[in-house]
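Single-letter residue listing:
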Amino acid sequence: MVMHKMTFAMNKHLLIFNLIFVTYLKVVSSENSIEEDNDTQGRYLIEGKVFPADHPFTPPNWQASTQLHVNGGEYIGFVKEDGSFIVHNIPSGSYILEVLHPEFSYEQVRVEINSKGKFRARKVNHIQTSAVVQVPYPLKLKPLGKTRYFQIREQWRITDFLFNPMILMMFLPLLLIMILPKMLNDPETKREMEQIGSLTKFEMPEVSDYVTNFLAGTSQTQHAKKNAKNKKRQ
Amino acid sequence: MCLKFVVIVLISFSTTAFSSNVEYDGWVNINLQHSLTFSDKPVFTDRGNVTIQSLRTGTAVVQQKPLTQSDRVKLRDLSATNEFYQLKSTVTLADGSEISFLSTVKACMLVESELNDILSVSLDYSGRVIAITLAVASTSTCEGAVVPIDKLKEFSTSVFVRHTENGPTPDTATYIQKLEREREAKERGDVKDNRSFLAKYWMYIIPVIILMVITSATNPEGAGAAR
Amino acid sequence: MIATKNFKYIFLIYLFNISYCLYEDQIGKFDWKLNYVGNVKFGTIDSTKRVIVATEENVIASLSLKNGQILWRQVLENPALNQIELLHVDKEVITVSGGKGTWYVRGWDSSSGSLLWEWSFYMENKQRPYWILSKGQLVHIIPVLGSHIEITSYDVHNGRNNGKTMKISTPWVTDLSKCQTAGVYWTCISTNDSSGQLFYTDMLSSANQVRTFPIQSLIGSAPGHIEIKPLESGDSNLFLIRNNVARLLKLQPEAPHVYPYSLSDKAVTAFNGDQTLLLQTIQNSPTNKLTIQTIELQEGTENVFEMDYTNEAGVANIVSAVCKGTACRIFVKSNDNSVSLLQLPGGKVSWTREEGLSQVVAVEFFELPLSELDASIEHEFDSISGDIFSTFYNRIFSQIRQLLVVLSGQQGDSNIGMVRDEFGLHKIIVVVTASGRLYGLDSMSGNIVWSQYLKGVEGFSVLGKLSVPLFVQRSARYSPLMAQCAALMKDKITGHGVMYTFDPITGQSIGNIERLPYQIEQAMLLPYEDDKHMKGLLIMSDNYEVMVYPSSAKPVLLKHASSIFFYTAGSKSKILQGYNLVHSTTDSLKATPTWTLNLGPADLIAVNVRPSSERVHSQGRVLADRSVLYKYVNPNLLAIATLMDDPIHKQVLSIYLVDGVTGLVVYSAAHKRVGKPVHLVHSENWLVYSYYNARFRRMELATVELYEGPTQSNSTSFSSHAVSQLPHPQTQAYIFPGTPLAMLATLTERGITNKHILIALSSGAVTEVPWAFLEPRGPHGTMNMEEGYIPYIPELPIPAEATINYNQSIPQVRGIQVAPARLESTCLVLVYGLDLFYTRVTPSKTFDLLKEDFDHWLIAIVLIGLIVASYITKRLASRKALKLAWK
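Residue numbers (the working numbering), protein chains in the order written: chain A, 1 to 234; chain B, 1 to 227; chain C, 1 to 887.
Derived by calculation from the structure, the hints in this document are not laboratory data. There could be a bad hint or two in this list.
[What the hints assert, rightly or not] Here are the simulated lysine-lysine pairs, DSBU-like style, with alpha carbons at most 30 Å apart:
#: 1; chain 1: B; residue 1: Lys41; chain 2: C; residue 2: Lys554
#: 2; chain 1: C; residue 1: Lys135; chain 2: A; residue 2: Lys80
#: 3; chain 1: A; residue 1: Lys123; chain 2: B; residue 2: Lys186
[What the hints assert, rightly or not] Label pairs and their in silico Cβ distance ranges:
#: 4; chain 1: B; residue 1: Val146; chain 2: C; residue 2: His560; range: 56 to 62 Å
#: 5; chain 1: A; residue 1: Pro59; chain 2: C; residue 2: Ser147; range: 51 to 57 Å
#: 6; chain 1: B; residue 1: Ser140; chain 2: C; residue 2: Thr391; range: 41 to 47 Å
#: 7; chain 1: B; residue 1: Ile206; chain 2: A; residue 2: Gly145; range: 36 to 42 Å
#: 8; chain 1: B; residue 1: Ala173; chain 2: C; residue 2: Asp853; range: 41 to 47 Å
#: 9; chain 1: A; residue 1: Glu81; chain 2: C; residue 2: Ser618; range: 55 to 61 Å
#: 10; chain 1: C; residue 1: Ile872; chain 2: A; residue 2: Leu168; range: 41 to 47 Å
Glycine is no exception: its CB is placed at the ideal position from the N, C-alpha and C atoms.
For reference, chain A alone in the conformation it holds in the complex:
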């Protein structure tokens, strides 16, 4: 459907066609005063296109749930099937345009219409009001991403579990009780360790063996245990 984008002023038949104004306005004035007088004579329209989130995340019927607010809802625009929008009946001045969608966030844009009807769109910078970073007009508004309303709940992970202070509290004493006496009382092990030169590399499988042997008393492990004992007796 081809739409005629126009606005009417009863006395002043003011027609603004869908032209791309590449406006080159100088910085209006110093930072201290950027105010212009609103000329209520002419009425203009802000137009552009809203893009939904990329394919797999495009919400169904997103056009109906997207709205455009100019100056906090003073003027409202709605999105058509193809994503295009027009906000009507705006006198010249400076406006902040925001896209409202419950699930996606968009960047705000400042649109300035001078009294001659020239448009300029720029990034919103409330702090440095004179800094102009121009964006193309008609506006092309792309989502920044899905709005994160929620905190992510921490997932249960095995590492978290193991490094939990309580678990450490439980296992470390166990380890100390089991390993330290072994280390202190078994001279053969010491000697062997010295031979291999590494304390930890050897000790770790030894402990696991020991524990598994104790808990599961299968013949195989008993065999292994014997082996281990033999080894120690060497």
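Take the given structure of chain A and dock chains B and C to it, following the hints.
Positioned in the frame of chain A, the structure of chains B and C alone reads:
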């Protein structure tokens, strides 16, 4: 016919500096009337006159008649019954128009302060009087002190002209400067981290040392046993 | 330096994290939302099981015919300035909306609600035009009294102007109340009696022939006041109404056809195949019954149906109806603005939507009474006989009862739901709507517990906002005494005060609705209770007489008369006047003026006081050097905002903090070149306000905090009379990248929890800003770096995580109400606008509750594990000892 002239030059309570950014100036004449019998239809009698010669500086001339003996008794009675003392101030502006304001204080507080009161004249941003309030400087309400009646003779009134300050504005200038400084610092190249090796990596070194200490604490014994 | 900066940054994020916490799985766990469309203005049942409605809230929506749920909803411009003037449902939905010369014509997809096309125009002429939509032509009519009418017609789909503006000479248009559009006709009567003439002319034909008929030739010459009204949804049909009896005329190019039926002017048509049915309600039916009459327009067969309709407010009008054979579906609107779908011939109400709740004007939270069991425990302490044995007996007895109840596994009560819970989270929310209906809502579910309709009343207009003051005279704490709440309204016709007292728990009226014989100027709740724990309600009439309700509160009032102060903020004169009641006698209460504040030409736009139940826990603020800066906590402060036109600064906003007892202006500040919207929040020793800075075109939030200084003048009590020194204000301002619609500070039981400011934004989000972010930090905040110090950033962030209503946008928010739970950490919040949204906020997290995701299992497993491990090691040790012994 004994008029007392007190010239008090007082600037606002809060700051002394901002009278310079007051854009307006002018004079205000305030006629003070008080009611020494507190009833629902108060009868106001003349108390005195205050002329603020300059709103900007707050220079005020206070002319007040001393209280007559009967007025003093009335005031003391008012105080004794814990009633209110009312003041009606009629402001004559430079253009001749009149506005009147009402103010009420506890009579006993006025008596206990020995007629030492404060007249606060509040102005709006354009220098128009919006309120005239009588107050007595005190940290608590009446303490019940007995004040001899001869001390209730003359009002010594301090006049405070209280301007409406300019409200706060977001301090963007310092923030922009701060950002600018940081940007410059970045442009100059990253700030050289000229701390020593230890200062930089102490958090990694200490656990290693601890580990070494622990192992060495266990090792010598083991070695000793082996020998 | 970078390291410290990073540290601050991290700290900031950390702070955000601790302040806001809602997990995705908590959706709907303690919040609920009720969606509404508003007060229905136009409605049409379309062919595909939908009702398309347009409402006073400038909302267009589609409701399911089956269950009344909203299928889609579009919120248009601000309803205060823009209204939907025309709704046309065809293949697509066409609306004409706007106001003050700005008009929008929009086409909507009737199944999805998305915009199909739109055009608009702007006129210098601010007069409200008349609209006719027929055959794809939108005709726009502006009458000029006594002279002519201007007709412009457009192609409705694209706004193309079909030819020039036509002018038809109509010297007979003398009074717009006597003119209407009916179908394609513009029609007027010349006088309001039978001697007059009926004029009509076709707006679509180019001939513009004006027809004139004497009224008495149409409906006879009986005396009476005659009016005309178009038949909604009927083409070119007009009612001629005489003494509330309407006769239907069909306007035709030649002569009007007069139908021989006596009707009510609220009749509507429904099309049943090729027949046209007229439907109307008959009012003189018994209560709980609604009688609907149907008349076949051509044949004149009449049918009367009686149906169950239990709304005591009564039906206002039939909005739309559709019939198929004998079955009709009738969409009706009630006087309380609720809408229902009725089914004929069954006579059943299919569904009802309480659309009145879209116009909430006042909200109050009420504590629920104790359950019977808890109450019996309370009663134990009623008998003050200090006998050890009897109290011991009582104790044992009630504990046995408690045990029995627990064992039997039931509460035994019938009103099981509406009892107080342990943490005081379950409350009843009383809301008053603009239509005069009061609702009690269950705070857990949002279900309506009770509702009560008050006829012929409306709210007061306070500072441009509709308001109904609600006063909690007695809470449910004093069982068996009933809780009592009073609502003040005014009579629609006389403007006199109306007082309605009721039990907020059950909604039952206490006594009759009291119609006061005067207008209400000011009302306040006395801070003192009488012997029955009832707080008196003080009302000042428009001629400054003072009354107290109930009269039993009078002795208490007289006792404290010298310490009761109140003020009036005159809407007519811009003078604030303080009063006290010191001259009251037992015969009459007298308000004596004590102070005046003259605002001059400035407009009073907002007045705010601290919530009376607020407690300030911390008396001061600890500075970096460990010294204390004491807060100036004055419970009598009024925060006032005024706006004044200025030739140089355009508009100047002035903020005053005024002591309500002495009238002393404690703080004043002015902002030049700023404008509306202005919102004020006053709490503890601080004030937050928002305004639009027209110079930099941005919203700003400013904060003021009052401190007594390093010493406290009087640590035991505060008196407004004792002015030792004026407080030192600290101020700061921030840029706020959003448009606030309502603002409020959280409130908790003891004031220990941090404060958050809840701000409802125009985007539909309700965000919370921690007070710590707004707190003034002195000059540049570097001097007094104290604990928990957050560096000053001029622009406040609005993080999405801080949105308490997550993706459930609330359009057109009008207010927020908060109430403390009995759990110190928790504050209950109701946001009302077009929708109602309830949730809980925990500004300092739930520090007094175990975390919701607290892992009971992990603890249990670890404990068991430890025990098992110790046993195993014990056994191992003994075995080893045995082995050693054998060696």
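Hints and how they fare:
1. B:Lys41 x C:Lys554: This hinted pair holds, its Cα atoms lying about 22 Å apart.
2. C:Lys135 x A:Lys80: The given pair, whose Cα atoms are some 24 Å apart, holds under the 30 Å limit.
3. A:Lys123 x B:Lys186: holds, 24 Å
4. B:Val146 x C:His560: 56 to 62 Å: Given range 56 to 62 Å: violated, Cβ gap about 27 Å.
5. A:Pro59 x C:Ser147: 51 to 57 Å: Between Pro59 of chain A and Ser147 of chain C, where Cβ atoms are some 54 Å apart, the hint holds.
6. B:Ser140 x C:Thr391: 41 to 47 Å: Given range 41 to 47 Å: holds, Cβ gap about 43 Å.
7. B:Ile206 x A:Gly145: 36 to 42 Å: holds, 41 Å
8. B:Ala173 x C:Asp853: 41 to 47 Å: holds, 45 Å
9. A:Glu81 x C:Ser618: 55 to 61 Å: holds, 57 Å
10. C:Ile872 x A:Leu168: 41 to 47 Å: violated, 18 Å
Checked against the numbered hints given earlier, this structure breaks hints 4, 10; the rest are met.
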